[in-house]
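2 protein chains.
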Amino acid sequence: MPQDLLPPIVMVFAASDPSGGAGLQADIMTLSSMGCHPLSVVTALTVQDSAGVEDVLAIDADWVADQARALLEDMSVSAFKVGMVGSVENIAAIAEIISDYPDIPLVLDPVLSSGRGDELASEDMISALRELLLPQTTLLTPNSIEARRLALDESNDEDDPGLAECARRLVGAGAEYVLITGTHEHTPQVVNSLYGENGLVRADAWERLPGSYHGSGCTLASAIAANLANGLEIAEAVRDAQDYTWQALENGFRPGMGQYLPDRFFWAREPEPGEDA
Amino acid sequence: MPQDLLPPIVMVFAASDPSGGAGLQADIMTLSSMGCHPLSVVTALTVQDSAGVEDVLAIDADWVADQARALLEDMSVSAFKVGMVGSVENIAAIAEIISDYPDIPLVLDPVLSSGRGDELASEDMISALRELLLPQTTLLTPNSIEARRLALDESNDEDDPGLAECARRLVGAGAEYVLITGTHEHTPQVVNSLYGENGLVRADAWERLPGSYHGSGCTLASAIAANLANGLEIAEAVRDAQDYTWQALENGFRPGMGQYLPDRFFWAREPEPGEDA
Numbered sequence: 315m316p317q318d319l320l321p322p323i324v325m326v327f328a329a330s331d332p333s334g335g336a337g338l339q340a341d342i343m344t345l346s347s348m349g350c351h352p353l354s355v356v357t358a359l360t361v362q363d364s365a366g367v368e369d370v371l372a373i374d375a376d377w378v379a380d381q382a383r384a385l386l387e388d389m390s391v392s393a394f395k396v397g398m399v400g401s402v403e404n405i406a407a408i409a410e411i412i413s414d415y416p417d418i419p420l421v422l423d424p425v426l427s428s429g430r431g432d433e434l435a436s437e438d439m440i441s442a443l444r445e446l447l448l449p450q451t452t453l454l455t456p457n458s459i460e461a462r463r464l465a466l467d468e469s470n471d472e473d474d475p476g477l478a479e480c481a482r483r484l485v486g487a488g489a490e491y492v493l494i495t496g497t498h499e500h501t502p503q504v505v506n507s508l509y510g511e512n513g514l515v516r517a518d519a520w521e522r523l524p525g526s527y528h529g530s531g532c533t534l535a536s537a538i539a540a541n542l543a544n545g546l547e548i549a550e551a552v553r554d555a556q557d558y559t560w561q562a563l564e565n566g567f568r569p570g571m572g573q574y575l576p577d578r579f580f581w582a583r584e585p586e587p588g589e590d591a
Numbered sequence: 315m316p317q318d319l320l321p322p323i324v325m326v327f328a329a330s331d332p333s334g335g336a337g338l339q340a341d342i343m344t345l346s347s348m349g350c351h352p353l354s355v356v357t358a359l360t361v362q363d364s365a366g367v368e369d370v371l372a373i374d375a376d377w378v379a380d381q382a383r384a385l386l387e388d389m390s391v392s393a394f395k396v397g398m399v400g401s402v403e404n405i406a407a408i409a410e411i412i413s414d415y416p417d418i419p420l421v422l423d424p425v426l427s428s429g430r431g432d433e434l435a436s437e438d439m440i441s442a443l444r445e446l447l448l449p450q451t452t453l454l455t456p457n458s459i460e461a462r463r464l465a466l467d468e469s470n471d472e473d474d475p476g477l478a479e480c481a482r483r484l485v486g487a488g489a490e491y492v493l494i495t496g497t498h499e500h501t502p503q504v505v506n507s508l509y510g511e512n513g514l515v516r517a518d519a520w521e522r523l524p525g526s527y528h529g530s531g532c533t534l535a536s537a538i539a540a541n542l543a544n545g546l547e548i549a550e551a552v553r554d555a556q557d558y559t560w561q562a563l564e565n566g567f568r569p570g571m572g573q574y575l576p577d578r579f580f581w582a583r584e585p586e587p588g589e590d591a
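Top to bottom, those sequences are chains A and B.
Position in the first sequence (first residue = 1) + 314 = the working numbering.
Position in the second sequence (first residue = 1) + 314 = the working numbering.
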């Protein structure tokens with residue numbers, strides 16, 4: 315018989331990455347792997363392979379809004395996740411929709427460039443993220459480069475203020491929590507730091523893996539959204555999602571000539587002969 | 315350490331269904347659930363909820379081709395699956411790409427209308443499917459309504475020739491095998507029949523479930539593509555995928571006010587207390 319028990323439903327706003335490494339495809343796999351049902355609103359299309367992004371096509375804001383509204387009027391959503399948005403108009407459309415659901419937590423992964431460094435957001439888009447989405451954000455998940463770009467006062471040719479100060483400014487701009495990931499820092503381990511209104515909440519250190527990965531940020535942000543939808547508190551949601559992501563990366567595979575992709579279903583693979591189950 | 319062992323890679327050409335019920339989202343979940351890595355080429359966007367399709371936007375054929383070519387030049391694909399195509403131009407683009415990879419099996423799920431009956435393919439698109447894609451198809455997976463529409467001679471106002479005759483014509487038009495699903499027939503059980511060049515290969519009967527489901531056809535076709543990518547022979551791939559799909563439907567859930575969605579990760583859910591593990 316069909317089940318009346320629903321998996322928690324998470325709505326993502328994201329670009330399509332046909333390679334399955336990042337974007338809404340990564341979100342769908344991560345959310346499914348963590349027991350949630352994904353709703354996926356397409357904000358942009360991309361052409362990409364495992365080496366990088368070749369082309370981007372933003373979807374019209376009306377189409378972004380229509381995709382989301384049809385679902386939100388029909389289903390009960392437990393968390394939002396916003397990834398790559400495609401245009402300033404799309405940010406405005408998403409912000410307006412999310413403002414109608416103030417009780418649903420929002421994880422905002424500010425996708426400003428690809429893992430390889432392809433530019434994916436203009437200065438106008440960064441301003442719009444800051445003004446329209448940050449004040450509605452439960453958790454912002456920038457890497458250290460994105461944290462600096464979002465927090466730096468461009469009008470003011472200042473030196474690097476440090477990541478703790480960036481986090482303080484981003485919380486000041488409206489984000490309830492900020493998780494800054496340390497993959498791009500030159501530290502022996504990767505240190506991810508969660509900040510709230512009273513400063514550092516927790517910091518977790520992870521072994522730095524040797525490969526170059528595509529989609530680690532999407533995986534982490536989606537895993538946190540899944541944990542929030544499953545009812546975890548923010549610090550535990552962040553800790554558990556890092557553990558999940560690290561394992562997905564550690565079990566990653568290289569499908570082409572470029573980067574490794576996370577294996578988001580590592581837990582379902584059969585162990586190799588001779589390997590511990 | 316990252317793995318050098320790759321999951322089999324399956325490329326789907328499909329429309330986005332933001333509800334996660336059908337379309338490329340269903341393909342991604344099914345392929346992941348069955349141990350494959352999905353590549354997903356977006357052919358069209360839709361607005362839909364759990365009740366039906368509200369709007370369709372076909373993606374330009376150049377964009378469809380670019381998404382696929384970038385990946386095919388980078389990765390080794392073990393199976394193709396084609397679902398909703400969006401336009402005659404997209405069918406031509408997909409057919410040209412697939413003709414460059416004659417050794418990769420192709421599962422063609424001819425999406426002519428939604429589960430609710432929303433029209434998703436014009437007569438021109440049906441002709442193009444027949445002329446350009448059928449001759450390259452390893453397995454065609456129409457439901458009985460689609461089988462009749464694809465097989466009937468429109469110029470000839472004939473009576474229903476029967477499903478075995480429809481299958482014979484579709485094999486005559488170039489499909490290596492045809493699996494006609496019986497959900498829409500008025501039989502006590504659902505009977506799915508696999509035909510090849512010598513007629514019926516196997517027929518499987520399944521308990522008719524009480525609910526109305528969204529995405530059962532996408533799930534079945536993707537599960538077959540996953541099995542072919544995993545190296546199964548066609549009859550075994552078809553039988554196992556029906557079993558998988560039936561279980562996904564039997565464990566389905568109703569996220570909104572419309573149809574039930576298959577639970578493609580039924581095998582990963584924890585049993586309810588008192589239930590057998």
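By construction, these hints were calculated from the structure, which means they are not laboratory data.
The structure presented is a predicted model; accordingly, all values stated were derived computationally and were not measured.
Misleading hints may appear alongside valid ones.
[Stated by the list, open to error] Stretch-level coverage of chain B by chain A, calculated; a stretch enters the list once three of its residues show a Cβ under 8 Å from a Cβ in chain A: (1) 363–370; (2) 374–383; (3) 499–506.
For every residue, glycine included, the Cβ atom is placed at its ideal position computed from N, Cα and C.
*Honestly, which of those hints from before does the structure not fit?*
3
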